[in-house]
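Novice: Could you build all of it, start to finish, from the sequences and the hints given here?
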Amino acid sequence: MSSLRADFDEMRERIRHGRELGHASFEPIYYLIFSPDHILEVKRQTPAWVAKLHQEGWDVHTFSIAQNLWDLLQSDPFWSLCLTEDKASPLDWVRTNKALADIVTSGAGLLHRLEEALRPLEVIPNGLLLVTDLEALHPYLRIGAIESQLQGKFHVPTVFLYPGVRTGKTRLKFLGFYPEDGNYRSVHVGG
Numbered sequence: 014m015s016s017l018r019a020d021f022d023e024m025r026e027r028i029r030h031g032r033e034l035g036h037a038s039f040e041p042i043y044y045l046i047f048s049p050d051h052i053l054e055v056k057r058q059t060p061a062w063v064a065k066l067h068q069e070g071w072d073v074h075t076f077s078i079a080q081n082l083w084d085l086l087q088s089d090p091f092w093s094l095c096l097t098e099d100k101a102s103p104l105d106w107v108r109t110n111k112a113l114a115d116i117v118t119s120g121a122g123l124l125h126r127l128e129e130a131l132r133p134l135e136v137i138p139n140g141l142l143l144v145t146d147l148e149a150l151h152p153y154l155r156i157g158a159i160e161s162q163l164q165g166k167f168h169v170p171t172v173f174l175y176p177g178v179r180t181g182k183t184r185l186k187f188l189g190f191y192p193e194d195g196n197y198r199s200v201h202v203g204g
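Sequential numbering of the sequence shown, starting at 14, is according to this note's numbering.
In case anyone wonders, no lab produced these hints; they're calculated from the structure.
Certain hints may be false.
Said to hold, decoys possible - BS3-like mimics (lysine-lysine), calculated; alpha carbons at most 25 angstroms apart, straight line:
hint, residue 1, residue 2
1, K186, K111
2, K111, K100
3, K56, K186
4, K166, K182
Quick caveat: nothing in here was measured; it's all calculated off a predicted structure.
Specialist: Have a look at this one:
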């Protein structure tokens with residue numbers, strides 16, 4: 014198993030050299046894959062990684078899935094109703110998760126926010142988007158669903174810090190327990 018540092022260094026090299034022509038996609042999408050056991054270590058390393066990318070000339074912008082999910086939930090007009098219903102039936106996780114997933118995946122949900130984060134970077138020389146906290150997507154959705162809907166909109170290198178397991182060249186298991194998914198159109202490093 015490779016170390017996080019070695020995987021990050023490989024990721025930097027791949028970003029610097031760009032995507033190779035291939036059958037899946039030409040978009041500059043990269044996944045730094047790490048064991049879910051290392052989520053806290055990745056969070057500790059992220060500021061140093063951002064600093065290193067800045068030193069190399071990248072204009073790094075961070076998109077936190079957790080922060081954006083929380084903002085979406087709190088700003089939703091039905092948030093107070095969700096809280097009231099949850100208090101009435103605190104153990105009805107299926108209903109609670111369905112209600113929260115509906116908010117997250119609505120028209121102005123997470124997909125829209127990520128697209129809005131990418132758009133201004135198109136005109137920034139050496140712009141790079143670092144997407145963090147993917148574990149916050151559980152149990153609502155997986156990032157592959159968002160990535161596929163944004164096909165054609167990744168114009169700057171976009172790095173996803175992905176807690177999961179690589180099960181092949183293009184197949185990943187989100188958080189190590191979801192069924193493997195091969196629908197990613199990205200370069201995978203680590204895992």
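Novice: Each hint: holds or not?
Specialist: Status of each hint after checking the structure:
| no. | hint | verdict |
| --- | --- | --- |
| 1 | K186 with K111 | holds (22 angstroms) |
| 2 | K111 with K100 | holds (16 angstroms) |
| 3 | K56 with K186 | holds (20 angstroms) |
| 4 | K166 with K182 | holds (23 angstroms) |
In terms of the numbered hints stated before, the structure departs from none.
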